[in-house]
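All chains, full assembly: derive it from the sequences and hints.
Numbered per our numbering, the sequence shown spans residues 780 to 990.
Keep in mind the hints are simulated off the structure, nothing from the lab. Among these hints, one or two may not hold up.
[Claimed, not checked] Pairwise CB distance ranges (calculated):
(1) LEU921 to ASN862: 45 to 53 angstroms
(2) ARG892 to ASP863: 18 to 26 angstroms
(3) LEU943 to SER887: 50 to 58 angstroms
As the structure is a prediction and not an experimental result, all values here were calculated from the model. Glycine included, C-beta positions come from ideal geometry on N, C-alpha and C.
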Amino acid sequence: MKKKLLFTLLFPLLLSGCSFNLFKKSDANSDQDRGQDSGEVTPQPTEHSINVIDTEISIEVGLQYQINIVELKKTIIICQSSNDSVASVTQGGLVSALSPGEATISISGGQDRFNVFVTVLPPEAKDSLQIVMVKQLFTISLGDEYTLPLAVKLGNQLIEDATLTYQYETEGIVSISGLDVTPLAVGTTKCVVSASYNEMNTSSSFTITVY
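Set out below in structure tokens:
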């Protein structure tokens with residue numbers, strides 16, 4: 780009698796436990812079904828058509844540079860320059876430097892886009908005399924002596940025995956001999972320096988302020 784009474788009391792609890800588990804399983808299955816029916820697609824990695832090795836290049840006027848374009852699969856490659864007067868480019872990626880300045884070469888193929896930044900430098904002066912200065916504005920104090928950071932070059936060759944002469948926009952501010960500057964009075968003057976060597980001549984200008 781006691782066993783029968785115990786079974787009668789436990790039977791509803793067993794049924795409720797089974798029902799709870801059945802509903803939980805059903806809910807889990809429902810969530811899985813909703814995920815399958817939502818139409819979500821796992822992103823697939825993009826298949827590249829091209830790759831460009833170069834990102835920045837510097838070339839002198841008159842020279843050419845071949846951009847390294849790697850074609851990963853057959854596609855139409857388009858190359859364009861943002862400034863054709865500075866640097867032009869063929870559809871094969873051959874860059875021609877035309878004048879000093881900067882340009883951006885855009886390269887596209889399929890869904891891939893790349894930019895190559897180009898700096899075009901002036902041609903190197905191989906046979907001309909030139910004056911090289913690190914700056915054109917100088918400030919010195921009255922009573923001090925100063926050495927101009929100036930050099931004369933023939934191409935890449937340093938010319939140490941070039942003849943230097945100076946002209947002053949305002950006389951009496953400084954006196955310059957060779958590269959040695961002697962301040963004479965407070966003020967500002969523009970100076971023009973001329974260099975001569977083996978019948979070649981060149982000139983440059985700078986400004987000195989004495990305080």
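Hints, one by one, checked against the model:
The beta-carbon spacing between LEU921 and ASN862, approximately 48 angstroms, falls within the hinted interval of 45 to 53 angstroms. About 20 angstroms separates the C-beta atoms of ARG892 and ASP863, a value consistent with the hinted range of 18 to 26 angstroms. With their beta carbons about 54 angstroms apart, LEU943 and SER887 fall inside the hinted range of 50 to 58 angstroms.
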